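> The sequence shown finishes on residue 401 if you use the UniProt record's numbering, and the numbering steps up by one all the way, no holes.
Just to be clear, a hint being listed does not mean it is correct.
Said to hold, decoys possible - Restraint-style ranges between C-beta atoms, simulated for each label pair:
1) A115 <-> G333: 36 to 44 Å
2) A174 <-> T220: 26 to 34 Å
3) D315 <-> A127: 27 to 35 Å
4) L82 <-> V61: 30 to 38 Å
5) M125 <-> G333: 47 to 55 Å
6) E121 <-> L169: 16 to 24 Å
7) M310 <-> N119: 21 to 29 Å
8) N119 <-> T226: 36 to 44 Å
Claimed, not checked - Keeping only pairs whose Cα atoms sit at most 27 Å apart, straight-line, the calculated DSS-like set for lysine-lysine is:
9) K114 <-> K160
10) K114 <-> K344
11) K344 <-> K392
12) K114 <-> K167
13) K160 <-> K112
14) K167 <-> K112
15) K344 <-> K160
16) K279 <-> K160
17) K344 <-> K112
18) K279 <-> K344
If you're looking for bench data, these hints aren't it; they were derived computationally from the structure. On a predicted model such as this, the values are computed, not experimentally measured, just so you know. Every residue gets a Cβ at the ideal spot worked out from N, C-alpha and C, and that includes glycine.
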Amino acid sequence: MVESDAEAPMNDDDGGFAFLPDVDDKLFADFDFETPSVPTLDTPGIPLTTLPVPKPRRNKVAIEILSLQHEEVELELQLDNLERERSAARSDLVSTGAATWEQAARTQLALKRKALRENSELRAMLAEQTQWQQQLDGLVCKKPRMMMMRLDETQWRVLKLSAHGEKRLAAIHAIADRQFDVVDNEMLASGLVGVASEVATFRENDRDATSSSVEAIRSTWLPNTTPFAATAAMWQALQFMQAQAKAMFVPHQSCTYTIDADTIFMRSHYLVNATTSAKVETGIVMKKRMFDGGRRVRIVWRTVLDDELMPFAHDSVVSDHHGWVEFDTTMEGPVQMKAFYQLKVAQEDQVDQLSDAMRVIHFRDALPSSPALSQRQVVRVAFEDGFRTLEKTFRQFLVGH
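Taking the hints into account, I'd like the entire structure generated from these sequences.
In structure tokens:
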């Protein structure tokens, strides 16, 4: 009996899959079934300790750079902190007086530079004016007018007022503003910076062989008042002293022109000798200004030396003086008053006439004893008497405020 293929027994040679068709080896010709030999735990001859342990890849250079950058930032922060601490310590060591001196020095340097610049401009304009005069015949009429207008705009620097309305007002404000600029320097030079005691000093300065000046320096405290009230009283006292002669028998005239709420211009005329018609004339700009929100107030005044609108008489003595008063609120409570007043005697030949005028105005009752004084001594003593009278008048007006 012949056995069929279906019933043929499976043997170990064909794996028990004799019923499947034969495999075509061409199908696997393009494939590489070789695999790398991977050692396993059952692979003989390879110890377990030789298996490589995978490690993460790291960029050590980048990490070091980043670390150094962080350290740099931290060191810079520490350096900034040290500099701030050192600056704070240095600021603590600097006293208020030293800081005031430093600020005053800076202000003085700025004013010096400003004065040098203005002097250069004036020299240039004078040179231009001289050249214009030399070439007057060859110039057209329009150019001289323009040049004279330019000169008018800077005449205030030599304390001259223009006759033109707008230029006159501008000059008055410019003169007053320049006086505010020099207050700090004069306060420093007179020893009033940081002063904590009563000061009442009079001194004489010989500027050169032909001119001199006398100065009054004052510092005191005003209890139970305010800078505003003290300013109002001093403003009133200054106008009163300018308008009224101490000796009422001396013929005099005075007129006040209000520029604005804080600025006035006063013209005064004193006939001190009816026989010789000796006169003293004064044109004075006065202005007040608040600082630090009203905690500190200053008043300045300055006489002019020439006036195109109201010329001074050629035979009169034109008063040349300036000054300022400051009212400052102190930590202790009272208001501190600081004052500076300077009178200049510009020419030696004016001393006699000026001393005669001041003798008549201030020392009418003391004429029998006053001849023992020299002309310059009369000027100084009269100046001191006038300054004390100003403070006395101020205190009288202060009672009403």
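> Determine for every hint whether it applies to the structure shown.
Here's how the hints hold up against the structure:
1. The hinted window of 36 to 44 Å between A115 and G333 holds, with their beta carbons roughly 39 Å apart.
2. Judged by the Cβ atoms, the range 26 to 34 Å given for A174 and T220 holds: they are separated by roughly 31 Å.
3. Separated by about 33 Å at the C-beta atoms, D315 and A127 satisfy the suggested range of 27 to 35 Å.
4. For L82 and V61, the hinted distance range of 30 to 38 Å is satisfied, since their beta carbons lie about 31 Å from each other.
5. As the Cβ distance of M125 to G333 is approximately 51 Å, the hint placing it in 47 to 55 Å holds.
6. Evaluation of the 16 to 24 Å hint for E121 and L169 yields a pass: the beta carbon distance comes to about 21 Å.
7. Judged by the Cβ atoms, the range 21 to 29 Å given for M310 and N119 holds: they are separated by roughly 28 Å.
8. Between N119 and T226 the C-beta distance comes to about 41 Å, which sits within the given range of 36 to 44 Å.
9. For the suggested pair K114 and K160, the alpha carbons sit about 19 Å apart, so the restraint of at most 27 Å is met.
10. A distance of roughly 23 Å separates the Cα atoms of K114 and K344; the hinted pair therefore holds under the 27 Å criterion.
11. Between K344 and K392, the direct Cα distance comes to roughly 23 Å. Compliance with the 27 Å bound is thereby established for this hinted pair.
12. The hinted pair formed by K114 and K167 meets the criterion: a straight-line CA distance of about 21 Å does not exceed 27 Å.
13. For the given pair, K160 sits about 21 Å from K112 by alpha-carbon distance, which is consistent with the 27 Å threshold.
14. A distance of roughly 25 Å separates the Cα atoms of K167 and K112; the hinted pair therefore holds under the 27 Å criterion.
15. The suggested pairing of K344 with K160 holds, with an alpha-carbon distance near 17 Å, which does not exceed 27 Å.
16. Taken as a hint, the K279 and K160 pair is honoured in the structure, with Cα atoms around 20 Å apart against an allowance of 27 Å.
17. Only pairs whose Cα atoms come within 27 Å are accepted, and K344 paired with K112 is accepted, the gap being roughly 21 Å.
18. At roughly 17 Å between alpha-carbon atoms, K279 and K344 fall within 27 Å of each other, so this suggested pair holds.
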